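Peer 1: Residues per chain are reported as follows:
There are 6 protein chains.
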Amino acid sequence: MQVEEYLRGDDRVLVPLGSTEQHGYLSLGVDAILAERVSLEAAEPEGVPVLPVLPFGLTPTFTAYPGTINLRIGTYLALVRDLLDSLRAQGFRRILLVNGHGGNQPAAGLAAEWVGENPDTQVRFHSWLVDPEVWGLAGSIASVSHASWVENFEAVRVDGVQVPAEPKALVDQQALAVANPARVRELMGDGPGGGAYQRPDEDTRRVWQAAVERLRQMLTFGWDGAGEGE
Amino acid sequence: MQVEEYLRGDDRVLVPLGSTEQHGYLSLGVDAILAERVSLEAAEPEGVPVLPVLPFGLTPTFTAYPGTINLRIGTYLALVRDLLDSLRAQGFRRILLVNGHGGNQPAAGLAAEWVGENPDTQVRFHSWLVDPEVWGLAGSIASVSHASWVENFEAVRVDGVQVPAEPKALVDQQALAVANPARVRELMGDGPGGGAYQRPDEDTRRVWQAAVERLRQMLTFGWDGAGEGE
Amino acid sequence: MQVEEYLRGDDRVLVPLGSTEQHGYLSLGVDAILAERVSLEAAEPEGVPVLPVLPFGLTPTFTAYPGTINLRIGTYLALVRDLLDSLRAQGFRRILLVNGHGGNQPAAGLAAEWVGENPDTQVRFHSWLVDPEVWGLAGSIASVSHASWVENFEAVRVDGVQVPAEPKALVDQQALAVANPARVRELMGDGPGGGAYQRPDEDTRRVWQAAVERLRQMLTFGWDGAGEGE
Amino acid sequence: MQVEEYLRGDDRVLVPLGSTEQHGYLSLGVDAILAERVSLEAAEPEGVPVLPVLPFGLTPTFTAYPGTINLRIGTYLALVRDLLDSLRAQGFRRILLVNGHGGNQPAAGLAAEWVGENPDTQVRFHSWLVDPEVWGLAGSIASVSHASWVENFEAVRVDGVQVPAEPKALVDQQALAVANPARVRELMGDGPGGGAYQRPDEDTRRVWQAAVERLRQMLTFGWDGAGEGE
Amino acid sequence: MQVEEYLRGDDRVLVPLGSTEQHGYLSLGVDAILAERVSLEAAEPEGVPVLPVLPFGLTPTFTAYPGTINLRIGTYLALVRDLLDSLRAQGFRRILLVNGHGGNQPAAGLAAEWVGENPDTQVRFHSWLVDPEVWGLAGSIASVSHASWVENFEAVRVDGVQVPAEPKALVDQQALAVANPARVRELMGDGPGGGAYQRPDEDTRRVWQAAVERLRQMLTFGWDGAGEGE
Amino acid sequence: MQVEEYLRGDDRVLVPLGSTEQHGYLSLGVDAILAERVSLEAAEPEGVPVLPVLPFGLTPTFTAYPGTINLRIGTYLALVRDLLDSLRAQGFRRILLVNGHGGNQPAAGLAAEWVGENPDTQVRFHSWLVDPEVWGLAGSIASVSHASWVENFEAVRVDGVQVPAEPKALVDQQALAVANPARVRELMGDGPGGGAYQRPDEDTRRVWQAAVERLRQMLTFGWDGAGEGE
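Chains as they are written, first to last, in the working numbering: chain A, 1 to 230; chain B, 231 to 460; chain C, 461 to 690; chain D, 691 to 920; chain E, 921 to 1150; chain F, 1151 to 1380.
Since the hints were made in silico from the structure, they are not lab data. Incorrect hints may have been included.
[What the hints assert, rightly or not] Stretches of chain D that chain C covers, calculated by requiring three or more beta carbons in the stretch to come under 8 Å of a beta carbon on chain C:
#, stretch
1, 710-719
2, 743-750
3, 757-765
4, 776-782
5, 854-865
Owing to the predicted nature of the structure, the values given are computational and were not obtained by experimental measurement. All C-beta atoms in this analysis are idealised placements derived from N, C-alpha and C, irrespective of residue type, glycine included.
With the hints as constraints, model all of the structure from the sequences given.
Peer 2: Here it is as structure tokens:
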């Protein structure tokens, strides 16, 4: 009932897109948990609703790691389409997909197609962490990669699991580019892409704050016909 | 990495299936939140892993209530199929779908088809609340329906929202059976199917305990070639 | 041309849904033949048209029995959707799916979705034999199951085939619930679910009459805005 | 159980493909009824099994005539594929599709694709009536077209319906080729494609006999590695 | 920008449909190259636009020949549908599919379905070479078949490849009809269906001229409500 | 027959991916023509085969410009999958997708999924022009964008069409990001993204040479287990 009331005054909504996949010593749910959290935190001041995170995504390269759930690309695009259709039917018109996993990128292509069919809507696809501003800041602190320190927030640590103290050598990107899942596992071993496994919380806190700020900007500015949100 | 270790000694897994839809004065996430919680609580003693809940399902009848997310049936079946395929590829062989929403029933049909194609697996579809034992117990306490007291657990109440003190008349089931979404909303008004909106916590606690017990039984007994789980 | 004339005065139609699958000593076509017959007999007094029966359905559990034809669930739902679309395009608005096979249940989910998209229609899914009233009556006569006496009507007997005189022990339902097709065949052996293979024709005649009556009621009452059919 | 026994000595099967669509003054089921009958009659001497006819097909051009059921082409091909898969899983290896409706032609393309994926099978697509031999014979008797005398067999006449005594002018084929459904109805009026509505039974009997003979030939000769059937 | 201007005065367009597949000693692209060329030449005098040829089609029977690209039938029909949808959205209303490969025939079925859904359009499917008039003329010159002299135009010869001087015996059509891809290759050997590999250019020139003329006729006459093109 | 011989000694192949869409004053076929040309030129020294370019792609944002052909994303991914399957069936194992259009990016996701299912293959997705090296070089010459000078090669100019002499202001990227097709057209006007419409041929020649070199590198180096191509 609150949704109906909200829609009388605003038409924005956040849709966090996650993944369930290996993240080295961190939770399998890193991409889902963080995408949902950053969305909730960014949306809170303006009271914009946030959908429950879609916890599964496209991660065909990590399927040799047990615990990784991989959707077929056709399934995933159908799913995102159904979410968009449901939101539009309710009255939402400005939809911000908050993506927490690189492999979900084809959802951006689907969103473009869907806007072509639903020209009264606006959809943006925003990868909250690898956004140039946020990722750039992180990279200026230390070398960044999948499941490295840059994703090692308290919320996604696993009880009783210790991460290695020494940084990991960076995984060979060119070899990864042509690797099948078994070879990916050979190359990535314990999971992360390389660099420090953990850094002081003040470093990750800076990254997090930058990400929340950036997402709030996205939510507020840049919509067509809107100087500010709402 | 814990998943890999677990799979050396066991091959069971729980997959909670939820929905995001109107639940009267309760959270839109009732079916998802409770299906995940009951799964975690039931699985805990034996250490069986639980997938993140699938928060969206089939709910075409409630689409006139904003906040309801409805997947197309083809999308949903593809999604459940992909989850099953991913789990099997990792080594899981006994999969318990813990369903929290009546409309998701076609997933049981998909599971039967999938077992036909993957005869080395066993899949059971268990609706944790409307299971005859659990629902029967609840019905023996008071009249039960969608979004009535029987789903009014603390975990799914919305801050600051009060439910009506008086019970609601039961909605006309025959009229519902032929109703389109707009007519469903007319018939169901504020959302629940009728009966008390809330009852003393000791009543819901009894229902919850029965549901957890029943789910533990499912997890432990009834698998082919297995007197007990594991 | 008769259809066009009929549509000027009525908008109801019956769609029998069958299956081609093992039925022990009875015809592979039991579910199709009976669903069509009961529809024709029920519809006759009011002149409501009956589609030719859809002879194939969802029966993944019986695929180890030669003669069983199993459609994929996606195919089946597409098929039912196309039938509904064709009927609506012609002018039918109240559609009664007369189901003769338990496995076809997902068609009910599809029908709910379809009504959401076509809110000017009403669709009901009625399993003519396992309807509580009819099945209850049969159960009060003797124990009932798949391919047992309760489906042993003259119309579906196979020339020159004798059924065993002694009742069959009931098949273990819990074992069936997790069985793959080969195991289903082990458990069910000659096919039926147990109980008497045949009973006096007066017993089956009572069941049939009750089923025809029940179906006529469905056809006449319970539609929105309609005290009676037409 | 008879199917299993049959498969020990033979691997042929007939699959009649029909349609439910306008046929002028004749039954909507002409294409289904006749395809099934001709199959049963042709198969009888050798005891080759015949699937129940698929009563619905591809008939997008006749949708402006109430009573016509049109499947989408994707649905239809999925359906034919599922039938082929089911038959192959049971042990059938030589499958004869007996087609009763011109619009179903894309099933021949699907069959070619399916044989490419299942190289241990042989599938033939045979249109029983418009086969050059049979259609040629009919044409030598009188001008032939859709729903004209050449389909006017006793089995598909409608009780109490009289056909016009005078032949109908042939419908303009070039105009039909670019016509949408409404225009098709304008052009075809009462339904048939032109020519006599009915002719003496001895004429249709000759056509029928030729069709049965031709189908028996198909069933017996022309399979790879087989001088004769079985 | 020229397209927009053209659409102010005309609404016709040509869509060449090709295939990439074995053609004996000729280019793998014969069906694509020729369909595009014949379209361009036919369309030139009236300035009707020609889409780039779709170079891939349905050719499941030739997959044992490396170099053959076979699309799944579902993919192909989706593709043709998308082309039709795109053309209609731009304003085209009379669409001529110029087919260069027999296996693409199911596209004609799709076109019929699509016109049913888009009744303001006209679509014709024309196989430029096996059209009775053109193929008949060729057959009157010499025996014709796949990849024989009748497709041996200069534009599709491969540099440095010589064709055999002697004609090839005709391949057994009845054996082909039930052959899987490996058997097709056994039967067809070096590729063509039989007859002369090459004939004097004046023979192929006559065929080509007839084909261009025929296609111009199709483009100009036979559209509904149009004595002439435009 | 040449393909078969080639496959005895090598297993690489190039698959150019194009698009048919507005390119301002240039040919609608820019992305297809150039992707095919750059592939042929790069492949020539090593004799690696090049598939005919796929002339249609994903371009939902340009559909308000007549002449633009947009495939649905599901269609496109099915198409790329079928190409990969056909190539693998023939014996190709190292496949280089040479992409000429930004919107086709989801094909990279499909390729990753496909490699997961076909782990004996390697697939790379290379956007020949916006590759950082090539695009960076171009950007160092002058400001670059869609349909600007950087795509203005002789091969894709339209006879008799003059491009404006003055550079175009850059189109507002933020506005584009939320624009529907009609708004995209408003923003982009005559088509290009801004900058010079044409530059001296020596500039485009430098870009082309760099692109050919880069593609040759991709073709030769970076494959798993291969210091060099072949």
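Peer 1: None of the hints should be skipped; say for each whether it holds.
Peer 2: Right, here's what the structure says about each hint:
1. Coverage of the stretch 710-719 of chain D by chain C holds. Counting CB-CB distances below 8 Å, 4 residues qualify, and the rule asks for three or more.
2. Check result for the stretch 743-750 of chain D against chain C: holds, 4 residues qualifying (beta carbon to beta carbon below 8 Å, three or more required).
3. Check result for the stretch 757-765 of chain D against chain C: holds, 8 residues qualifying (beta carbon to beta carbon below 8 Å, three or more required).
4. Coverage of a stretch by a chain is defined here by at least three residues with a beta carbon nearer than 8 Å to that chain's beta carbons; for the stretch 776-782 of chain D and chain C the count is 5, and the condition holds.
5. Counting residues of the stretch 854-865 of chain D whose beta carbon lies closer than 8 Å to any beta carbon of chain C gives 0, which falls short of the minimum of three for the stated coverage.
This entry does not satisfy hint 5, going by the numbered hints stated previously; all others are met.
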